[in-house]
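Asks: Chains as they are written, first to last, in this note's numbering: chain A, -6 to 378; chain B, 210 to 569; chain C, 1048 to 1343.
Misleading hints may appear alongside valid ones.
[To be verified] Think about it this way: if two alpha-carbon atoms lie no more than 20 Å apart in a straight line, the pair counts; the simulated EDC-like pairs of lysine to aspartate or glutamate are:
(1) A:Lys43 <-> C:Asp1172
(2) B:Lys352 <-> A:Glu251
(3) A:Lys370 <-> A:Asp143
(4) A:Lys106 <-> B:Glu417
(5) A:Lys20 <-> A:Asp143
(6) B:Lys352 <-> A:Glu117
(7) A:Lys286 <-> C:Asp1229
(8) A:Lys172 <-> B:Glu353
(9) A:Lys190 <-> C:Asp1172
(10) A:Lys106 <-> B:Glu353
(11) A:Lys169 <-> B:Glu246
(12) A:Lys106 <-> B:Asp467
(13) C:Lys1174 <-> A:Glu287
(14) C:Lys1174 <-> A:Asp253
(15) C:Lys1186 <-> A:Asp143
(16) A:Lys281 <-> C:Asp1172
(17) A:Lys125 <-> B:Asp365
(18) A:Lys321 <-> A:Glu359
(19) A:Lys106 <-> A:Glu304
(20) B:Lys407 <-> B:Asp418
(21) A:Lys369 <-> A:Glu359
(22) A:Lys234 <-> A:Glu359
(23) A:Lys283 <-> C:Asp1239
(24) A:Lys169 <-> A:Glu186
(25) C:Lys1174 <-> A:Glu57
(26) A:Lys377 <-> A:Asp185
(27) A:Lys234 <-> A:Asp185
(28) A:Lys286 <-> A:Asp275
(29) A:Lys190 <-> B:Glu246
(30) B:Lys352 <-> A:Glu186
(31) A:Lys43 <-> A:Glu304
(32) A:Lys281 <-> A:Glu304
(33) A:Lys355 <-> A:Glu287
(34) A:Lys51 <-> A:Asp275
(35) A:Lys20 <-> A:Asp314
[What the hints assert, rightly or not] Taking beta-carbon pairs under 8 Å as the criterion, some of the chain C residues facing chain A (in silico):
(36) Ser1062
(37) Thr1178
(38) Ser1193
(39) Trp1212
(40) Thr1275
Keep in mind the hints are simulated off the structure, nothing from the lab.
Glycine included, each C-beta is placed from N, C-alpha and C at the ideal position.
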Amino acid sequence: MKNVFLLSLLALCLASMPISTAEAAVKIGVINSMTGPEAPIGENLTNGIKLAQEDLRKKGIAVELIWEDDTGKPPIAMSAMEKLATRNGVAGVVGPYTSACSNAVAKLSERYKVPLLIPAAAKEEITRQGYKWVYRMNAPADVYASVLIDSVLALGKPKTIALIYENTDFGTSTSKTAKAYATRRGIRVVADESYQKGSPDYRSTLTKIKARNPDLVFMVSYVADAILLMRQAREIGLQPKAFLGGGAGFTTAEFAREKDISNCVLSSTQWTDDVNWAGAADFARRYKAKFGKEPTYHAACAYASMVIMAETASRNGGNRDKTRAGLKAGTWNGIMGQVKFSDYAGFTNQNNHQMLVQQLQKGRYETVFPAKFATKKPVYPFPKW
Amino acid sequence: MSMISEALVILRSIKPAGLLVFLAVLISLAAFPLVVESPYAHHIMILIFLSVIMGQSWNILGGYTGQYSVGHAAYFGTGAYTTMMLMQYQQVPPWFGMFAGAATAIAMALIIGSICFRLRGPYFVLASIAAAEILRLSALNTKELTNGAEGILATDIPPLKIGSLVVTDFLTKVPFYYTALVFALLIIAVTCIVQHSKLGFYFQAIREDQDAAHSLGINLNLHKNLSLAISAAFTSLAGSFYAVYIGFIDPTTVLSMDMSVQIVLICIIGGIGTIMGPVVGSLVLVPLSEALRSNLITQGLISAGLVSEESPVGAFLKENLAHAHVLIYGILVVVVILYMPEGVLGFVRNMVRARERSNS
Amino acid sequence: MDSASMQPVLLFLQSLISGILVGGVYALIGIGLTIIFGVMRIINFAHGDIMMIGMYLTFNLFNLFGIDPFASVLICIPLMFLFGGLLQKLFVNRVLNALPQNQILLTIGLGLIMSNTVMLIYTSDYKILTTSYSSGSFKFMGISISEPLAISFIITAVITGLLYWFLMKTDMGQAIRATAQDRQAAQLMGIDVRRMSIISFGLGAALAGTAGALISPTYYIFPQIGSTFTLKAFVITVLGGMGSVIGATLGGILIGIAESLGAVYISSGWKEVLVYMIFLLVLLFKPSGLLGKSRV
């Protein structure tokens, strides 16, 4: 008994000794959901970062990445951050994926004064707490809804909207802003239905929505449920003027492949492969060659975040304070368009990212809104099933 | 009166050697944050204490009374939510909130107990799961109250004051460390008292044979509910502590079945129905899962020169071991159940006994 | 049809039919669990994970050999039977007399191993199996009925019928029922109880795997899918009475209907609460389940 105690105490003492840094490579920590329920999306971020690592090496920027799995749980994400900040002595951290983990980690990054660049977590509050060391690449949850509603208002005069979303953090917070924004733009909310992720039958919920005959159906789901919802919407003959998908599952290659049911669905996204941002198309091509599948916007966000963090940290010799200043001052042009971390509308260090609306046309995602990035004309209203 | 005599019995049962070890451990634990400065080490220790509190609370109901609840997330979550909601919405400091949390958890335990304790064996297990699931789904759906799936984020913890004297402002991990340590010692002490008291004998009688206990005149319902109430109160303290320490809660992290299973695992891996069981379980599980997760094992193998980083084996381990940690966890559970059915503690004890026997 | 004029009666019938069809698949999962419990008194927490294995099997048969998911049931049943039997022989048989909490944890551990091994092999990507009829439906008196669900309901009915015949009419079926009724008595009567346990776990696994195969054309597949269905299977089994095949069939359909009607008339968020409420109420007032004999 005593031995177990002493041994673990000894192990902890050993663990708490700093590791000497011999090599010149700048150390960057990565926290991501590599296992657990969030892993399907987490994998896209992992891939994006791996590609970034390759490109950085080509540019002659030596980075040593320290990977930490948060398994999607906030306390484990905190363990990871503690370890990266105090034991590994990283210059900065990219991640985590989920909002819950990001929130927990952001607080620590502020305490340990480690620059943190969050690539794809949507919760608005993360960058609304006045943190100095926390930066975010992607546009927060409210934009997912507002850009979509703006795009349909540019096309017609929808009067009513029905919301159906999974009862997760992302689902509820995105729908909440959708509801508020729709009401502000004079669209009436006629149904507000959350569902438990992973249930095999949405027909009854969709039947209920059909009975209210909405002009718009706004959905927030991950890929599998996105396909299921659309399949069953067709089955029961739900026929609105437009189906709107708030990011996530509606922006994946798997969804695009289901041409029967996904054609003409509008979705908001952080990134598309046909947008005219520097290197976007090239990134998509190389990503596909390396990993055998289409990149999602998560991958693009993670790639850009890692490139920006590594370049800034390496230019500043791994000094955390200078890296933070570098992130705050810099402007980058890359696959995510222009990136600049600024303070606006209550946000701090938030990249005011332009979200895009894309539409599936013949199995391909075409950027349709805003007009200056559009590659195709949108189809509206939604064709008869 | 009976409390004092019971305390005396406990005191008499302690051997001097054991007392010395206990004091040594206590002093080294109290001195730990003063000697070791690394917040990472503090964090791991805090997780161990938290796990001890969770495991030991379950132990009172599961280990001593024999009621295998797989729904303890209900009480953990109740504590976490009560404390957090009071703190965020009513500005009640958590060191008051956690008692409100414990009270709510006891009330919850009485409701759940009145339903579940009518059932036995596997039916009780399933009912306890259902009760916890109802609570999780309710927390998801009552958005006005709990903020639903978005969870509650703590902004600031008010500093702990006595009068106008600021005891601590919770800016570092040290106050959390001592809070968790005190809670852990408290629940261990409570378990000790329960084990040696009349109450504990009733509990164990119920565990061994409910019908026999009943025929001896033990009020089954009363004692099961008492055991659950004690267990729930301390589980909720663990939940409150978790909420304040992590600073963010949502139904999927604090009310899920995963949480319930984790609580049971601590106790069973260590050794059920013993005071040291949950402690051993925590000392095994927390460092092990942390080492597996952060790939310390591969790094250790590489730096020890056993595996070359460039070799295919090394590359494979580096690539996959981090992904495989839950798999290894699962294998560990199966191995413990098959080969150490009394937990790590029981296994070690049997080994020691076997050696003593072969020596004599 | 103008959807605005959808009549309340039609809305009710539509959700009732969807509920019954989905309930058929639930029933299959529940029957598997109820057999395992009946014979061994072990709550199998890995049941959903076994179903997940069946889903991946179907997915691979479809993608590699182009075998239709419904046809693959014929391959799925024997393979999953062997898998289940092996699990029983190697692991579960060794804890048959152990403490109940250890049995529970063993199956939890096995479930973790299954889901994480699958994750290492296939990554945690969602797999979607798209057949020509995946989103097909036909109209029946104004109610739309999903083709794949209707087919799977028919297959479920056939399998349940065969299983019932097997348990009632064959020698082995009777031996299994005898073991379920009283283990020791069965042993005294010369029934090889260990062998019966292996066969029942095999049967349970085969049924869970089949449910996985049947649901895969309309559903999706990922390694962590098991836990949702494990919980559902518990509810169904208790509802019907642990160990009762007909009970589990009814329980499955009942849960399907409760979920479907709950989503329409209460809200989709609360429908699962409704399911657990029914579950607790049955436990309280008829703990032996709707059709089970009391064993409490």
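Asks: Given the hinted pair Lys43 of chain A and Asp1172 of chain C, is their Cα-Cα distance within 20 Å?
Replies: The given pair, whose Cα atoms are some 18 Å apart, holds under the 20 Å limit.
Asks: Given the proposed pairing of Lys169 of chain A with Glu186 of chain A, does the C-alpha separation stay at or below 20 Å?
Replies: holds, 11 Å
Asks: For the pair supplied as a hint, Lys1174 of chain C and Glu287 of chain A, is the alpha-carbon distance within the 20 Å limit?
Replies: Distance of about 15 Å is within 20 Å: holds.
Asks: Is the hint on Trp1212 of chain C kept, meaning its closest Cβ partner in chain A is under 8 Å away?
Replies: violated, 28 Å
Asks: Using Cβ atoms only, decide whether Ser1193 of chain C comes closer than 8 Å to chain A, and label the hint accordingly.
Replies: holds, 5 Å
Asks: Starting from Lys106 of chain A, check that the Cα of Glu353 of chain B is at most 20 Å away, please.
Replies: At roughly 35 Å apart (the allowed maximum being 20 Å), Glu353 of chain B and Lys106 of chain A break the hint.
Asks: Does Lys1174 of chain C pair with Glu57 of chain A here, judged by a C-alpha cut-off of 20 Å?
Replies: violated, 33 Å
Asks: Compare the distance between the alpha carbons of Lys283 of chain A and Asp1239 of chain C with 20 Å, and conclude whether the hinted pair is satisfied.
Replies: Violated. Lys283 of chain A to Asp1239 of chain C sits at ~55 Å, over the 20 Å cutoff.
Asks: Please work out if Lys377 of chain A and Asp185 of chain A have their alpha carbons no farther apart than 20 Å.
Replies: Violated. Lys377 of chain A to Asp185 of chain A sits at ~24 Å, over the 20 Å cutoff.
Asks: Please work out if Lys234 of chain A and Glu359 of chain A have their alpha carbons no farther apart than 20 Å.
Replies: holds, 19 Å
Asks: Can the restraint linking Lys20 of chain A and Asp143 of chain A be considered satisfied, given a maximum Cα separation of 20 Å?
Replies: Between Lys20 of chain A and Asp143 of chain A the Cα gap is close to 42 Å, so the pair fails against 20 Å, i.e. violated.
Asks: Hinted pair, alpha-carbon criterion (20 Å max): Lys281 of chain A, Asp1172 of chain C. Please report holds or violated.
Replies: Satisfied, since the Cα-Cα distance of roughly 16 Å is no more than 20 Å.
When held up to the earlier numbered hints, the structure conflicts with 2, 4, 5, 7, 10, 11, 12, 15, 18, 23, 25, 26, 29, 32, 37 and 39 and fits the remainder.
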